[in-house]
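Visitor: When you get a sec, could you build the whole thing from the sequences and use the hints?
There are 4 protein chains.
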Amino acid sequence: MRSFYRIFQIALIAIPLLAMRQDKPLRVIFFGDSITQAGVGPTGYITKMTEMLKIKNQSGQYELIGAGIGGNKVYDLYLRLEDDVLSKKPDVVFIYVGINDVWHKSSHGTGTDPDKYVKFYEALIKKMKAQNIRVIVCTPTVIGERNDNSNAQDGDLNYYSKLIREIATRNNVQLCDLRKYFGDYLAQNNPENKEKGVLTSDRVHLTDEGNKFLADRMMEALVKTN
Amino acid sequence: MRSFYRIFQIALIAIPLLAMRQDKPLRVIFFGDSITQAGVGPTGYITKMTEMLKIKNQSGQYELIGAGIGGNKVYDLYLRLEDDVLSKKPDVVFIYVGINDVWHKSSHGTGTDPDKYVKFYEALIKKMKAQNIRVIVCTPTVIGERNDNSNAQDGDLNYYSKLIREIATRNNVQLCDLRKYFGDYLAQNNPENKEKGVLTSDRVHLTDEGNKFLADRMMEALVKTN
Amino acid sequence: MRSFYRIFQIALIAIPLLAMRQDKPLRVIFFGDSITQAGVGPTGYITKMTEMLKIKNQSGQYELIGAGIGGNKVYDLYLRLEDDVLSKKPDVVFIYVGINDVWHKSSHGTGTDPDKYVKFYEALIKKMKAQNIRVIVCTPTVIGERNDNSNAQDGDLNYYSKLIREIATRNNVQLCDLRKYFGDYLAQNNPENKEKGVLTSDRVHLTDEGNKFLADRMMEALVKTN
Amino acid sequence: MRSFYRIFQIALIAIPLLAMRQDKPLRVIFFGDSITQAGVGPTGYITKMTEMLKIKNQSGQYELIGAGIGGNKVYDLYLRLEDDVLSKKPDVVFIYVGINDVWHKSSHGTGTDPDKYVKFYEALIKKMKAQNIRVIVCTPTVIGERNDNSNAQDGDLNYYSKLIREIATRNNVQLCDLRKYFGDYLAQNNPENKEKGVLTSDRVHLTDEGNKFLADRMMEALVKTN
Chain H
32 MRSFYRIFQI ALIAIPLLAM RQDKPLRVIF FGDSITQAGV GPTGYITKMT EMLKIKNQSG
92 QYELIGAGIG GNKVYDLYLR LEDDVLSKKP DVVFIYVGIN DVWHKSSHGT GTDPDKYVKF
152 YEALIKKMKA QNIRVIVCTP TVIGERNDNS NAQDGDLNYY SKLIREIATR NNVQLCDLRK
212 YFGDYLAQNN PENKEKGVLT SDRVHLTDEG NKFLADRMME ALVKTN
Chain C
32 MRSFYRIFQI ALIAIPLLAM RQDKPLRVIF FGDSITQAGV GPTGYITKMT EMLKIKNQSG
92 QYELIGAGIG GNKVYDLYLR LEDDVLSKKP DVVFIYVGIN DVWHKSSHGT GTDPDKYVKF
152 YEALIKKMKA QNIRVIVCTP TVIGERNDNS NAQDGDLNYY SKLIREIATR NNVQLCDLRK
212 YFGDYLAQNN PENKEKGVLT SDRVHLTDEG NKFLADRMME ALVKTN
Chain G
32 MRSFYRIFQI ALIAIPLLAM RQDKPLRVIF FGDSITQAGV GPTGYITKMT EMLKIKNQSG
92 QYELIGAGIG GNKVYDLYLR LEDDVLSKKP DVVFIYVGIN DVWHKSSHGT GTDPDKYVKF
152 YEALIKKMKA QNIRVIVCTP TVIGERNDNS NAQDGDLNYY SKLIREIATR NNVQLCDLRK
212 YFGDYLAQNN PENKEKGVLT SDRVHLTDEG NKFLADRMME ALVKTN
Chain B
32 MRSFYRIFQI ALIAIPLLAM RQDKPLRVIF FGDSITQAGV GPTGYITKMT EMLKIKNQSG
92 QYELIGAGIG GNKVYDLYLR LEDDVLSKKP DVVFIYVGIN DVWHKSSHGT GTDPDKYVKF
152 YEALIKKMKA QNIRVIVCTP TVIGERNDNS NAQDGDLNYY SKLIREIATR NNVQLCDLRK
212 YFGDYLAQNN PENKEKGVLT SDRVHLTDEG NKFLADRMME ALVKTN
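So the sequences go chain by chain: H, C, G and B. Residue numbering for the first sequence follows my numbering, beginning at 32 and increasing consecutively. Residue numbering for the second sequence follows my numbering, beginning at 32 and increasing consecutively. Residue numbering for the third sequence follows my numbering, beginning at 32 and increasing consecutively. Residue numbering for the fourth sequence follows my numbering, beginning at 32 and increasing consecutively.
It is possible that some hints are incorrect.
List of simulated lysine-lysine pairs, DSSO-like, C-alpha gap at most 30 Å [claimed, not checked]:
| # | chain 1 | residue 1 | chain 2 | residue 2 |
| --- | --- | --- | --- | --- |
| 1 | B | Lys-193 | H | Lys-225 |
| 2 | C | Lys-227 | H | Lys-158 |
| 3 | B | Lys-225 | H | Lys-211 |
| 4 | C | Lys-119 | H | Lys-150 |
| 5 | B | Lys-255 | B | Lys-85 |
What the hints contain is simulated information worked out from the structure, not anything from laboratory work.
Guide: Printed below as a string of structure tokens:
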């Protein structure tokens, strides 16, 4: 009788917990620029990740939310951090920003200085960690797909990627080293050393192959320590 | 007897009010870039304003605080708004930023797009007004002192000044139209149409004459509706 | 008998001269960028000038030749001066270049420094004058049609225009002050202060109205001292 | 008797040849930018090459002439080709230009587009070859000495170097691949991955070690097919 009561007690606590677990999937926000904005499109990387979860029968475990806006740089993310991320109480946030911070230097004269890039980036992380969010930082992919470091922005993209790797270490957050993954892939799969047409359609935005590749890398990062 | 009681009643309310007024000078923060950082130097415009108040025996009425950092653009102000302004509970804030937002486009490729400039500027104002701060917005002064609109950044400075005038109207905040004041002054006082050497030493940063001129304009704005 | 001989003598000289004048129209080359390249299109300014001559029955007096290539800056003209101008033995050359020298600073990072602009410009003039060509130099028109000096490149365009006016004086060549003409026109005819849509379709390239206006100004310059 | 006659015959031919060789050293012009302008300074690379020749007792065989001007890009070389190179009737010309073509994109907005770079470069070569000059083309060295392709301009410098290698092949002229030599050296000799202080003092201009290294590479190129 007593043990039944005990079991009953446990059940009282455990059932709602299990229910909660089932009712409340892990909320994951992808916070970024146009690539992430396109990520929720029909062939976008977030859409593909959702489909991957469905196939694995894990749809209930993750809620994937795109929060990408075209042209965004790191300080734009900071400006909309409260509205687009914190207020939504996510469990995990991927920060994937940097292409425009580098690219707009030459295309619009409005890129982001490296020291400011780091400052805003760490301000993002600090506010997310204060809300106990698991942060995953991504290095920027590519502006041009040549695989011999001869795309005009390669030097800067390599440098900003180093900064992000240092940020990850310094802030003890997970790194998803997209630039490295893309570089390795293109070294193998771009034999003609083309500027575009492999993972990107226009040197930056992703082809279907690019979205697939990105979805795989993002998924690996997401499930890694989960 | 009754009137004495009445006077006593008034005194009960008025004396603390007067005391409060004397004890608590109006706290004014100048929020900006290197020009404002230099403003608290020995010949800077904020130092000159403090001296002007002393001469007028009004030192007790105002507390002038410089919050300028070299190289700052509008989004840098936003990043340090809490720490450098809001936490200090000012009564009045001058926002004087924009030179670097325009200038760094060509000098570093890291200026600020006009739409982003407006977005961050209005975010600053919104947070200050929420704390009941009287905001005074300033148009950017000059990058080059030629008085015939032939300084390289004149087009952009004129445009960003228009944006600030619109911001002032739209947000119902006070305008201190420095660019207009500087332009009018240089039209009269730069007969050789020099690039620098009148109000600035290097096309941007202020000479003693420039700091004096700026201090006068800022003081006019400060006491205007006070 | 003697006077008849005299008349015969004069005729001997005069007839070929008259014939030559009829047989050999004044060869005019328009040397420039995309605006001039479009100038020979169906609604381009050079086409319109040819039509104007036809109406005035002066088709035989002028041969108008377009030598514009999109994206050209002053040094591009220098590189193709021999092939596209000198080898064609023109009588008159309009130099109309400068928009890209200014514009590409911010759009591509590949504009032309003012001192280099002057150097190449005067090198063009020197080589043309050595071949006895009448040179007409044009100030750059517009990048944006706002009439209050608030287009981003107005400062630079005003400055480069001043440089061209000085070049004209210093080298004693004719000036066609297009920037002034466009400015005066837009002050009257752009009441909404639009960026484009009056003389240009895209802030730079000409509408039909723009081509007509330019054709008129060019024609005035051409017939001026002729 | 016969052999004496034979020797006499040989002497008849050989003596003038030797004389000519002694009387007329090979005239070598170094055509470039500020690095080459500094090259004729007390510790410059051209000065060092002259000293190397003295030590090897070959001073009479080469006349080394610096023709570098600070800030020069490829089109500046084209503008002064006649005056500073062709008119001096050199036997050999090193073309060493490209740093500013890349660098000034971000620092002044006045770099050189790659297609224009190639066009002017090949125009230089064509005019030199027409005068039977032996042309040696050099890839640009460095803007920043980090050895992991993370200097901001590395992508562009790698690309322009590829263009020069293609130019060398296409025009059948000798290549002096300075960028490769510098890269290999820095991979070995910059263990801290510093931005400057190994071969350059300021990321671009050469230290004594840099000038020595450059002098060695230039000398190897010069004597290679001589």
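Visitor: Now tell me, hint by hint, if it's right for this structure.
Guide: Each hint tested on the structure:
1. A C-alpha spacing of about 14 Å is found between B/Lys-193 and H/Lys-225, which places the hinted pair at or below 30 Å, so the restraint holds.
2. Restraint check for C/Lys-227 and H/Lys-158: the C-alpha separation of about 44 Å exceeds 30 Å, so the hint is violated.
3. For the hint pairing B/Lys-225 with H/Lys-211, the CA-to-CA distance comes to about 22 Å; that is within 30 Å, so the pair holds.
4. For the hint linking C/Lys-119 to H/Lys-150, the alpha-carbon distance of about 22 Å falls within 30 Å, and the restraint holds.
5. Restraint check for B/Lys-255 and B/Lys-85: the C-alpha separation of about 18 Å stays at or below 30 Å, so the hint holds.
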